[in-house]
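Heads up: the sequence shown begins at 1 in this note's numbering, then just goes up one per residue.
Each hint should be verified, as a subset may be incorrect.
[To be verified] Label-pair ranges, simulated between beta-carbon atoms: (1) Gly-62 with Arg-129: 31 to 41 Å; (2) Asp-145 with Gly-100: 35 to 45 Å; (3) Arg-59 with Val-179: 43 to 53 Å.
Calculated directly from the structure, the hints in this document are not laboratory data.
Glycine included, C-beta positions come from ideal geometry on N, C-alpha and C.
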Amino acid sequence: MTPLADAVLHGAHGARALFTTRRGGLSVAPYDSLNLGDHVGDAPAAVAANRALVLDALREEGLQRIAWLEQVHGSEVVDLDAWDGFAVPRADAAVTSRRGLAACVLVADCLPVLLAAPGAVGAAHAGWRGLAGGVVENCARALCDKAGCTPAEVQAWLGPAIGPRAFEVGDEVREAFVVSDAQASRAFLRLRAGYWLADLFTLARRRLRAFGVSAIHADDICTVSNPHDCYSYRRDRVCGRQAGLVWISTR
1 MTPLADAVLH GAHGARALFT TRRGGLSVAP YDSLNLGDHV GDAPAAVAAN
51 RALVLDALRE EGLQRIAWLE QVHGSEVVDL DAWDGFAVPR ADAAVTSRRG
101 LAACVLVADC LPVLLAAPGA VGAAHAGWRG LAGGVVENCA RALCDKAGCT
151 PAEVQAWLGP AIGPRAFEVG DEVREAFVVS DAQASRAFLR LRAGYWLADL
201 FTLARRRLRA FGVSAIHADD ICTVSNPHDC YSYRRDRVCG RQAGLVWIST
251 R
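My request is simple: use the sequences and hints to build the entire structure.
Pasting the structure below:
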């Protein structure tokens with residue numbers, strides 16, 4: 001079994017989930033080495049080779065194709081069942097019931113949220129704007145509609161993201177959450193006048209639970225404090241992107 005396949009998380013109903021690290025690819029510094037982002041200045045040939053490496057390594061886990069998105073820090077969800085396989089969807093979340101097709105998001109501090117339901121899967125790219133705008137709930141709702149299930153039947157995995165000791169934000173970020181959920185204030189620790197430390201993991205859990213998803217799996221790994229495994233835009237500025245992928249195995 002390859003190192004990537006060995007890291008695959010197995011969910012119910014044939015679902016598979018994976019959060020890649022920055023290790024094991026072909027890109028050179030500052031994108032070293034498994035950069036999967038084609039918009040960050042890395043050599044296109046290296047990115048293409050890295051993407052092919054991931055796909056090939058996961059074929060033994062029933063993966064046949066990966067749907068890469070053009071992410072815009074929004075809250076739109078694309079239905080990959082209608083995807084033509086060529087145009088790059090412009091969205092920050094995706095759902096599909098097609099076996100062997102991975103919904104995928106790219107991150108380097110934002111939170112990757114992977115969802116699985118009976119017969120369908122979804123992935124969401126949740127920076128603070130998307131999270132406050134409802135991208136996680138939108139993805140979960142689209143997933144439930146596609147699977148014909150309730151939120152209680154959904155599994156969620158939260159991948160590495162900027163942690164609560166590193167994510168300094170202004171008043172406007174805190175207000176974007178507490179305006180609709182006063183208790184979200186618990187996810188913010190005051191640093192000084194006008195500035196806070198924000199906990200994306202707690203904010204995502206609150207929104208998933210409010211929607212009805214209770215099976216939430218996470219290790220709360222901070223991208224900023226783990227340079228060996230994780231890209232971090234906040235830490236390095238020029239860097240690659242790791243991925244969160246979820247699919248229904250063909251095996």
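Hints, one by one, checked against the model:
In this structure the supplied range 31 to 41 Å holds for Gly-62 paired with Arg-129, their Cβ-Cβ distance being about 34 Å. Between Asp-145 and Gly-100 the CB atoms are about 21 Å apart, so this pair departs from the stated range of 35 to 45 Å. Between Arg-59 and Val-179 the C-beta distance comes to about 46 Å, which sits within the given range of 43 to 53 Å.
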